[in-house]
Amino acid sequence: MLDKNGIAKRIAKEVKNGMYVNLGIGIPTLVANYIPDGIDVVLQSENGILGMGPFPFEGEEDADLINAGKQTVTLLNGASIFDSAMSFGMIRAQKVNLTILGAMEVSEYGDIANWKIPGKMVKGMGGAMDLVASAKNIIVAMQHVNKAGESKLLPKCDLPLTGIRCVKKIVTELAVLDVLPTGGFRLLERAPGVSVEQIKNATAGRLIVEGEIPEMVI
Amino acid sequence: MINRVVKNAEDAVKDITDNMTLLVGGFGLCGIPENCISALVKKKIKGLTCISNNAGVDDFGLGLLLQTKQIKKMIASYVGENAEFERQMLSGELEVELIPQGTLATRCLAAGYGMPVIYTPAGVGTEVAIGKEVRTFTYNGETKEYLEEKAFEADFAIVKAWKGDSAGNLIFRSTARNFNPMMAMAGKITIAEVEELVEVGQLDPDQIHTPGIYVHRIFQGEKYEKRIEQVTVRKKG
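Same order as they appear, the protein sequences are chains A and B. Using our numbering, the first residue of the first sequence is number -3, and each one after it goes up by one. Using our numbering, the first residue of the second sequence is number 41, and each one after it goes up by one.
Hints are computed from structural coordinates only; laboratory data are not their basis. Among the hints, a few may not be true.
[Said to hold, decoys possible] Derived DSS-like pairs: lysine-lysine, alpha-carbon spacing no greater than 30 Å straight-line:
#1 B:184 / A:132
#2 A:152 / B:275
#3 B:109 / A:119
#4 A:5 / B:109
#5 A:91 / B:184
#6 B:172 / A:152
Using the sequences and the hints, build the whole thing.
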């Protein structure tokens, strides 16, 4: 079973040279720490950065320079700053190659819910609805089951949707799966020490297991 | 050159009255018009509709106008950092409309560009689409559904820039730019507060982000706290 950093490490392998990548808040943010040397990518932050760098050194933080999670960050050489309309313009126009974000629920058709729990929590969608509606390549980083032990990979989402038929791939503490256009979670890899049986038990939506399922290499 | 300078924040907001709709620049606490918000708190006007990406934190930004219950309706994309906001929303005191961040930015842009509607795929198939016209377009070989979204119609836009000149030309700094340029374009009347106000001729025309035609009033803010929501740092060495 993977911890949060393990999930981030596995997702980092999906990041290819030359990509422009938008990382959501939470586990997706950690992905930046594991992008291998020699892979040149540009991180987009939807509040208006291309070329986002690491956190600043202590004492060098700048109130005018934050990421989409409102954390102080730095700019790498070659970075650029732009306004919010252009930021979502480049997302809508599919110039950003890869979007990695978290989810509360994903359906076997690739629907995603991650912004609201009616009556309990309403934080808002931020840029998530724009990202999932436009991005061609969306990877979800999430826990396979919730705190009550219930599957978050479902036949149909129960929570209010963020977007429909958009998630392409999911990485959880148990597995890597892709979402088939015809419906269903196809199991691609098992987390170290996790059996296919465990993944079956944790997946409420249709799970497709074809042949021998390899263990992840991270 | 036309002179857009007003004395101070109080002077700039003097004709903002009860029940008006305001666009307020900033992302989180970054690039917010601190001085105008303070002036609105002092003015004690009520029933405001505020359009802003976030709602501040409990004791700063738009959170100050929430504390004093001057906001009737909030239109935002993300409101997660404000306990008083959550309380007012759940109790029904505050009307809230949550909209996608890109939709928010583009509805401002549309207003500034004189286009009454835009079409965006954001929110298709979700509760954001309820009551909206959905149209199908084929573009670059891809057929998709799009929502019709309307340009904002706001009485005032209140923005914050780094530098400005007396003609109302604005330059923003780093990610404090965010929503400020598009909101500046979208107000029927736009108020800009700046960290440094200079005479005309002192800003390079090639470096202007927002031309003064969009800015009706400008002043240098008395002070800027520029609070950081989340200080994240790494150790040297």
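Consistency of the hints with the structure:
For the suggested pair residue 184 of chain B and residue 132 of chain A, the alpha carbons sit about 13 Å apart, so the restraint of at most 30 Å is met. For the hint pairing residue 152 of chain A with residue 275 of chain B, the CA-to-CA distance comes to about 45 Å; that exceeds 30 Å, so the pair is violated. Under the criterion of a C-alpha separation no larger than 30 Å, the hint pairing residue 109 of chain B with residue 119 of chain A is consistent with the structure, at around 20 Å. For the given pair, residue 5 of chain A sits about 46 Å from residue 109 of chain B by alpha-carbon distance, which is inconsistent with the 30 Å threshold.
The suggested pairing of residue 91 of chain A with residue 184 of chain B holds, with an alpha-carbon distance near 17 Å, which does not exceed 30 Å. Of the pairs offered as hints, the one joining residue 172 of chain B and residue 152 of chain A holds, with about 24 Å between alpha carbons and a cut-off of 30 Å not exceeded.
The earlier numbered hints that this structure contradicts are 2, 4.
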